[in-house]
Amino acid sequence: MERTAIRRRLTWQVGTVTDVRRETETARTIVLEVPDWPGHLAGQHLDVRLTAPDGYRASRSYSIASAWSGSDSSTIELTVEQVPDGEVSPYLVDVINVGDPLEIRGPVGGWFVWKPEQDGPVQLIGGGSGVVPLRAMLRSHASAGSTTPFRLLYSVRRPESVIYVSDLKELASSDDVDVRLVYTRDAPAGEPRVGRIDADVISQYAFKPEDGATTYVCGPTPFVETVADLLVAAGHDPARVRTERFGPTGDSR
Amino acid sequence: MGIVSPGFTGRRRSGTELPPGQYLTREFPVLSAGPTPHVLPEHWEFTVTSETGEKYKWDWAALMALPAEEITKDIHCVTRWSKLETTWKGVSLDTLLADVETGADYAMAHSYGGYTTNVPMDDLLDGQSWIAYEYDGEPLDPEHGGPARLLVPHLYFWKSAKWVRGLVLSDTEDLGFWETAGYHEYGDPWKEQRYAGD
Amino acid sequence: MSETNYLDGNAAAGSLSELFAVDLTAAIAQCNGCGHTAVFAEAHVFVDAPGMVARCPGCDSVLLRIVTTPNDTYLDLRGLTYLRVPNS
Ligand SMILES: Cc1cc2nc3c(=O)[nH]c(=O)nc-3n(C[C@H](O)[C@H](O)[C@H](O)COP(=O)(O)OP(=O)(O)OC[C@H]3O[C@@H](n4cnc5c(N)ncnc54)[C@H](O)[C@@H]3O)c2cc1C
Ligand SMILES: [Zn+2]
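If you're matching them up, the sequences are chains A, B and C in order. The opening residue of the first sequence carries number 1 in full-length UniProt numbering; numbering runs sequentially from there. The opening residue of the second sequence carries number 1 in full-length UniProt numbering; numbering runs sequentially from there. The opening residue of the third sequence carries number 1 in full-length UniProt numbering; numbering runs sequentially from there.
Chain A extracted, bound-state conformation (with noise of 0.2 Å):
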């Protein structure tokens, strides 16, 4: 039996961090081992919750990093981009440890996915940590060796903001993926342009609104109303655009 199939209600379980992997000066990656993971679609978050010693708890919500093969069925990998000041991002970026214990519920969301049955061409939309799942698309449209179009245009402050970025070059190499920076602060030699995405952005270099794509749009809150607004505008259809807004945490990038 596929073990996606099993239909259950979720509690918490307990994962271990098997490694860490810096990012970048304020991100980084977690892998985990959770026992009897029932795999994932790409796109899907989960839920981590956090106890202190005299049974105070905060939890959050972290896009799964990676994609789901089955043959190495119970890791999954998060990104977390540490929010100054944050209660529980700066635990998961400078404190949490290869061996530690991490609570998580997940996982979840059936909306905000891809699977590589899917119809049409899929356009990617990232802001700072926003690619994480966007990520674990491109990751799961590589291990099915899927030849569906997929453009990715990723929002950065300069850059040294980017991560996966050694993956992302990687990713780029393939002949049906196309991956676009964009810098809004600072750019690296040779690339003029430095700006948030704006209709032009959108119009050289996203999928038109005939091409029938899916639309995955993904950080802070102010970044996806931006961005979304622009597609609209832009005249896609906005069935067509999918959203997943990480919340007010900082500014948009």
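No lab work stands behind these hints, which were simulated from the structure alone. Every residue, glycine too, gets a C-beta built ideally from N, C-alpha and C. Hints may contain errors.
[As the list claims (entries may be wrong)] From the structure, some residues in chain A lie toward chain B, with a derived Cβ separation under 10 Å:
{"id": "1", "residue": "LEU50"}
{"id": "2", "residue": "ALA52"}
{"id": "3", "residue": "PRO53"}
{"id": "4", "residue": "ASP54"}
{"id": "5", "residue": "GLY55"}
{"id": "6", "residue": "TYR56"}
{"id": "7", "residue": "ARG57"}
{"id": "8", "residue": "VAL83"}
{"id": "9", "residue": "ASP85"}
{"id": "10", "residue": "VAL88"}
{"id": "11", "residue": "VAL95"}
{"id": "12", "residue": "ILE96"}
{"id": "13", "residue": "ASN97"}
[Said to hold, decoys possible] Within a straight-line C-alpha distance of at most 20 Å, the following computed EDC-like cross-link-like pairs (lysine to aspartate or glutamate) qualify:
{"id": "14", "chain 1": "B", "residue 1": "LYS83", "chain 2": "B", "residue 2": "GLU27"}
{"id": "15", "chain 1": "B", "residue 1": "LYS73", "chain 2": "B", "residue 2": "ASP94"}
{"id": "16", "chain 1": "B", "residue 1": "LYS83", "chain 2": "C", "residue 2": "ASP48"}
{"id": "17", "chain 1": "A", "residue 1": "LYS208", "chain 2": "A", "residue 2": "ASP229"}
{"id": "18", "chain 1": "B", "residue 1": "LYS55", "chain 2": "B", "residue 2": "GLU45"}
{"id": "19", "chain 1": "B", "residue 1": "LYS191", "chain 2": "B", "residue 2": "ASP122"}
{"id": "20", "chain 1": "B", "residue 1": "LYS55", "chain 2": "B", "residue 2": "ASP99"}
{"id": "21", "chain 1": "B", "residue 1": "LYS83", "chain 2": "A", "residue 2": "ASP85"}
{"id": "22", "chain 1": "B", "residue 1": "LYS191", "chain 2": "A", "residue 2": "ASP54"}
{"id": "23", "chain 1": "B", "residue 1": "LYS89", "chain 2": "B", "residue 2": "ASP136"}
{"id": "24", "chain 1": "B", "residue 1": "LYS83", "chain 2": "A", "residue 2": "GLU87"}
{"id": "25", "chain 1": "B", "residue 1": "LYS83", "chain 2": "B", "residue 2": "GLU17"}
[What the hints assert, rightly or not] Chain B is faced by these chain A residues, among others (derived, beta-carbon under 10 Å):
{"id": "26", "residue": "TRP37"}
{"id": "27", "residue": "ARG49"}
{"id": "28", "residue": "PRO101"}
{"id": "29", "residue": "LEU102"}
{"id": "30", "residue": "THR184"}
Using the hints, position chains B and C with the ligands against chain A.
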């Protein structure tokens, strides 16, 4: 099931001056269960409806014409932050209700945007609550409930209805927005009355 | 001025998964206030509050509320006319 997350403390809590389970903040966190209503003072109106259906109305000018008080109070949010010595300006409910003929025991506060919360009359009178329209010397921001909010600082802060537009007085206790969804009907922070049954 | 203090319906998926075995965020939901009918994931979810509140993207009325207390979870679905979930 429960584990302790090694090295996790969360926001700092306790301190004897705070109610149990609260942490101290210097910020003024914005909580919202819906979009922020933007009500201009010239469109604002406050209505008290007595248990017999009698209505008493104040517009902005009428509110401004009433004697105002400077208020300095600690506030305690059920989401566990407390903020000490917050300063407000507003009109006491004693003043507003002085000419309202009522023997009602309970009030339901109603807000622009549809929010409601129930408060016993005994907790609204005797210098315990205000319609506040300034915070920290400035007109109250819409995100903090402006142009005017109810201020009942001795109860958890969800009782201090933002964007308040009226009180409906009644002999029976009905429950408001959060009180119908598991929160305590009274909400005394010092007794840690967070949830129904606490 | 657009509001930036809400999340998408997806953000309620974790809390809902403790109560239901099917994913309700991908279900079609009809608002009891205005009849707006769309996937629940498009609802506006407010989490910076004592509980989680999902509102209709058409008319802002409350579709669903979830409050988790130490002993129980309160679920209020009054604002939904129906949820449509595909049979599997
Ligand atoms: C479905 C979903 C998936 C997510 N996936 C990821 C992910 O993969 N990676 C990731 O890094 N994050 C992700 N997030 C965001 C994550 O859940 C947390 O919100 C984030 O990590 C911040 O949590 P925190 O506890 O550190 O900050 P909090 O303690 O929640 O506080 C946020 C801090 O930001 C400040 N803040 C709050 N509101 C504002 C505002 N309006 N303007 C400016 N500052 C503000 C506050 O002052 C506070 O100090 C996701 C969110 C959702 C809903
Ligand atoms: Zn509606």
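Go through the hint on A/ILE96 and say holds or violated, using the shortest Cβ distance to chain B against 10 Å.
holds, 7 Å
Take a quick look at whether B/LYS83 and A/ASP85 sit within 20 Å of each other, Cα to Cα.
holds, 17 Å
Measuring from the C-beta of A/ASP54 to each C-beta in chain B, is the shortest one below 10 Å?
holds, 7 Å
Residue hint A/GLY55, partner chain B, criterion CB-CB below 10 Å:
holds, 8 Å
Please check whether A/VAL88 passes as an interface residue: C-beta within 10 Å of a C-beta belonging to chain B.
holds, 9 Å
Less than 10 Å between beta-carbons is the criterion; does A/VAL83 satisfy it with respect to chain B?
Violated. Min distance 13 Å.
Given the hinted pair B/LYS73 and B/ASP94, is their Cα-Cα distance within 20 Å?
holds, 17 Å
Given hint A/THR184 near chain B, where the shortest CB pair must fall under 10 Å
Interface hint status for A/THR184: violated (25 Å vs cutoff 10 Å).
Closest C-beta approach of A/ARG57 to chain B relative to 10 Å, hint status:
holds, 8 Å
Sort out whether B/ASP122 lies within 20 Å of B/LYS191, counting only the CA atoms.
holds, 18 Å
Does the closest beta carbon of chain B sit nearer than 10 Å to the beta carbon of A/PRO53?
holds, 5 Å
Can we keep the A/PRO101 interface hint, with Cβ of chain B closer than 10 Å?
This interface hint holds because 5 Å falls under the 10 Å limit.
Violated hints, in rising order: 8, 26, 30; the structure is consistent with all others.
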